[in-house]
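Residue strings, one per chain:
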Amino acid sequence: MDIKERLSAESWTKSASSGNELPNKSSSNHQSFNNLNSQQHQQKWEDPSGLDYGIRIEPSFLGYNQPSETSSSIPSDPNNQIKISDREGGQINSILQTSRNQDWDPRVMLNNLTFLEQKIHQLQDLVHLIVGRRGQILGRPDELVAQQQQLITADLTSIIVQLISTAGSLLPSVKHNLSTDPSIRQLGQLGGVQFSSGEGLNGGVLPQTNDGSKVSDHSNQIDLTGNHGTEHNYTIEEHESKDEDDADEGEHLPPGSYEILQLEKEEILAPHTHFCTICGKGFKRDANLRMHMRGHGDEYKSPAALAKPNKESSSEPMLIKRYSCPYAGCKRNKDHKKFQPLKTILCVKNHYKRSHCDKSYICSRCNTKKFSVIADLKTHEKHCGRDKWLCSCGTTFSRKDKLFGHIALFQGHTPAIPLDEKGSTGPSDRGESNETPNKAGSIGFNFSSIASAGSGSQNAMDVKGSVDDPTGYFSPLNFDTCNFSGFHEFPRPPFEDSESSFSFLLPGSCNYTQKTAGE
Amino acid sequence: MSSHSILFLLTEDLLARILGKLASDSDRRAWRLVCKEFHRVDSIHRTSLRILRIEFLPNLLTKYSNIRLLDLSVCPRIDDGTVAFLLSRDSVGSFVRLKELVLSRATGLRWGGLEMLVRACPGVEYVDVSYCWGFGDREAAALSCAVGLRDLRMDKCLGVTDVGLAKIAVGCSKLERLSLQWCLEITDLGIDLLVKKCEDLKLLDISYLKVTNESLRSIASLQKLEVLSMTGCSLVDDVGLEFLGNGCPLLQVMDVSRCDRMSSSGLISVIRGHSDFLQLNAAYCFPELSTTLLQGMKNLKNLKSIRIDGTQVSDCSLETISTNCKCLAEMGLSKCIGVTDMGIMLLVSGCFNLKILNLTCCNSITDAAISAIADSCRKLLCLKLESCNLITGKSLEWLGSCCLQLEELDLTDCCGVNDRGLNYLSRCSELLSLKLGLCANISDKGLSYIASNCSKIRELDLYCSTGIGDDGLAALSSGCKKLKMLNLSYCNEVSDTGMEYISQLEELSDLELRGLVNITGAGLTAVAAGCKRLAELDLKHCENIKESGFWALAYYSRNLRQINLSHCAVSDMGLCMVMGNLTRLQDAKLVKLSNVTVKGFELALRACCVRMKKVKLLASLRFLLSTEIIETLKARGCKLRWD
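Protein chains in written order, with our numbering: chain D, 1 to 519; chain G, 1 to 643.
Honestly, I wouldn't trust all of these hints.
[Claimed, not checked] Cβ pair distances, simulated, as ranges:
| # | chain 1 | residue 1 | chain 2 | residue 2 | range |
| --- | --- | --- | --- | --- | --- |
| 1 | G | 291 | D | 409 | 45 to 53 Å |
| 2 | G | 71 | D | 392 | 30 to 38 Å |
| 3 | G | 639 | D | 409 | 34 to 42 Å |
| 4 | D | 394 | G | 147 | 16 to 24 Å |
| 5 | G | 221 | D | 392 | 23 to 31 Å |
| 6 | D | 369 | G | 65 | 49 to 57 Å |
| 7 | D | 370 | G | 48 | 48 to 56 Å |
| 8 | G | 147 | D | 409 | 15 to 23 Å |
| 9 | G | 640 | D | 374 | 42 to 50 Å |
| 10 | G | 627 | D | 281 | 51 to 59 Å |
| 11 | G | 37 | D | 392 | 51 to 59 Å |
| 12 | D | 374 | G | 598 | 20 to 28 Å |
Read the hints as simulated data drawn from the structure, not as lab findings.
Note that beta-carbon positions come from the ideal geometry of N, C-alpha and C, so glycine has one too.
Only chain D is shown next, with the shape it has when bound in the complex:
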């Protein structure tokens, strides 16, 4: 037993640590229920953007280990298990809460600042170098000079971006607007372009999005600071990776020749993704935000401000963009062995909601179907109740007459009685058949009284015959043995009948509780 348990534990931890193919692996056995559940809980509490790596890993291990610990003994009570994981999830949650509250932790800020300081120093060195070289070699080709200039501007911009985002983490309202402020975005874009080239000099300290397992402290911090504006986040990433590819093809070559972007949970679930930097109002579409911005002053009314921000980039030959689901272990997550990317942001949103969120929209017609994407609900509602006609062969029909036509056509096909009805009656019926002895017992045949009535010797014999063998079945509780509390409340009737006078109490009083329990 021990070995077995350990084995299973090992396999679970292995699967948890090595691959994220958990859903695949576990779908076949019953533990998947536990797993998925704990996983879900974990996911719920997990706030990847706000976590450092350690915390992030911890709950997932909890989640995976738990079922394996008890897997051999608990198949019957998954609920318990879930409860436990729930509780632990709660603990994690509280940890997370505190960590989130420390969002603006001065230490993080200090980290950022030291990082910036380093960068500035590096830049300083670089400029020194250039100045020195310029003095030495005059007849250099202009290209080199231009290159150097580019490098410097790139570094500078990245520093500015860092600075702004660091400052932004202090002010929630500013945080949101970071991404949407056109000027800052421009900066961001610019920075993105040159950041990576600067990165080469910096020795690979860059926000790493393509390889989650290598995520460094530093990149997390960037995530943290930039996590509130979707636009911001991914535009930066997008340009980064693009330029990374440009800079060093061999270092980051994904399986396909596409770049992978990953939105965080909050971004995916946020009702509004575009926020006004000035008043904080949220919008679903950037265009709407731009329209809104006009009200904040004339500078937002310029054609440039109103123009589609990434029109320029779209004119360039774009690399194909693909998206990754932030949910660890999901096949759509970039860390998955058989990663299958999502095509658009909308796909990401729908996928995330469908696969990793609670289905909170319930169909008002059937009251059974639940959806996490409202559009799915609307689609379902169009057809709800129409496909309920099911044949025994598995074919469904939207119309009863079509089903009946089908049945008339094929030999042996019968209509299937709706599943939900089965669900409601099925288990109880099964339960009933399980407790049949009990129920048969509760019928309450009153042998003693019949026998005492003595309507005929034949009868009496029959009674004896059947009383003899089933004893506990037809007449489960003999009146004699049944102690009815109200027995003495009633006067005895004037009949010399020793056995049956109060037998009326037998079926009712004795069976009643038994029966209601059974129902």
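With chain D's structure known, arrange chain G on it following the hints.
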């Protein structure tokens, strides 16, 4: 020694043939008690079993080895648990032999049990689950496991829809007879599929279904259909009947009564296609019998039975029937307008084979009509003359002298009937059923004539015949020993003495004693102690019966299945005794019991909730009783009626 020699002469073969002649249960019971040999012959040749106590079933099934039919319709507690228990024992083997299952009113049964039962009887050919009102598609699906089923009655299985019917149609394709009365969820689609899958159908009853002409179009393609009953199909009209007229080549019996959208032209189109009709029931279909229909009827040479209740008829229309339908054995003219003495005379002049004649509420006929009937129809078996006020004792004289085979006579509300008339009537010694309700002019004397001569009477209705008293019952108890059903409601003269006499009627199973204020506990005690077979008892408004009577009832009437205690002076204790002790009780009406508290009701219902099928209570109790008990009753298949 001599009896021994007789037994030597009577071989088992002969005994079996004699036994075959015994129709009634009581005769067979007597036969069984003669000797061991007789008993043995009975147990070998017994093919049907109708039992009241399910607990005896396993033993009985092993004892009687040739049982084909098992009737559980009067058992109080048939549910899945019972079935599971029955089948869990060794007796499973004896279920295999069963060919016919009667589960009518087994309201506690659900699909699980039904399926077990059906699977245990693989050779079952006939199943009756009528009035199992809780049955739905799952139960129908369970029934469809019986692949050999030929005959199925599922009247008033209220939950069965087209899906359930389709299950049966596909599963039981050998079905020949199917009754779907009151299965209100079934529509044209279901009927259409049924017709396609069960081509062997000979009888189909779709009465009161909400089906349209489309169903009739489908049904018309049934090549073997002989009997079609469609009472109260109010959505069907002449177009549908036209389909039938062009299809169903073997159709012989059709019931279109109360199809009020139908006109005689529709009926004509059916008749035109089927000249060998045997029975036609067109009661309450159309306001009057048109001449074209009568012309059409001329083709129906073989017509045995026709009912045109509620239609306006004329003398000449009856004459047309008389001249053309010489074989007519049954004629229903109940509530027909325009039936005169002349009409009846013309009718019977041709139809002298008439055996059943219903003239209920034909107010204008007189003794002359009866004399014509008696004169022509010597083989008359059944005559209904309710509310024929002009009839006098003279009519009974005619009947008593000519119609000696008369078995059933309804004289309810014929105020012209008197003691002298009954004296003449008593010559009809074959009478089985006699209704004398609301005949205010008859007395004990008249009843004693009947009692002394008509010893075969099974059913006697004296409802509100106020002239009847204890003496009449004395004569009855000595003369009509086979009486099974007796209605004495509102015969106010009847007292405890009368009850003493009634207690001598050992065969009595149904007794109505409504409003007999002179009866006390002693009277009821006597009845309960004497009439061991009592199954239905109505004591409504018997206000002077005191506690001791109900206790006696609770003690003695072990076979009681149905009781009406409304407006009785029963107490908490008495009610609990009755409801708890009478373990066969299934149907109780308990309205306006002023001496019973809510607690009493609660306890009484708890005592019987496992076996009740129907309970009628005062509406106010609905909110006073615990929901627990109400829910339990409902869950057990008990129908609660709130008055």
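- Message: Is 30 to 38 Å respected by the C-beta to C-beta distance linking residue 71(G) and residue 392(D)?
- Response: Because 33 Å falls inside the window, the suggested range holds.
- Query: For the pair residue 37(G) and residue 392(D), does the Cβ-Cβ distance stay inside 51 to 59 Å?
  - Reply: With Cβ atoms ~54 Å apart, the hint holds.
- Taking the CB of residue 291(G) and the CB of residue 409(D), does the distance hold inside 45 to 53 Å? 47 Å, holds
- Message: Is 51 to 59 Å respected by the C-beta to C-beta distance linking residue 627(G) and residue 281(D)?
- Response: 53 Å, holds
- Indicate whether the distance between the beta carbons of residue 374(D) and residue 598(G) respects the range 20 to 28 Å. Roughly 52 Å apart at Cβ, these two residues miss the hinted range, so it is violated.
- Task: Could you tell me whether the CB distance from residue 639(G) to residue 409(D) stays inside 34 to 42 Å?
- Result: 40 Å, holds
- Do the Cβ positions of residue 640(G) and residue 374(D) conform to the proposed distance bound of 42 to 50 Å? For residue 640(G) and residue 374(D) the Cβ distance comes to about 44 Å; the hint holds.
- Query: Between residue 147(G) and residue 409(D), is the Cβ distance one that fits in 15 to 23 Å?
  - Reply: At roughly 21 Å between Cβ atoms, residue 409(D) and residue 147(G) fall inside 15 to 23 Å, so the hint holds.
- Distance restraint hint 49 to 57 Å, applied to the beta-carbon atoms of residue 369(D) and residue 65(G): With Cβ atoms ~56 Å apart, the hint holds.
- Message: Given a hint of 23 to 31 Å, does the C-beta separation of residue 221(G) and residue 392(D) actually sit inside it?
- Response: This hint holds: roughly 25 Å between Cβ atoms.
- Does 16 to 24 Å hold as the CB distance between residue 394(D) and residue 147(G), or does it fail? 23 Å, holds
- Given a hinted range of 48 to 56 Å, is it respected by the beta-carbon distance of residue 370(D) and residue 48(G)? 55 Å, holds
The structure is inconsistent with hint 12 alone, although it conforms to all the rest.
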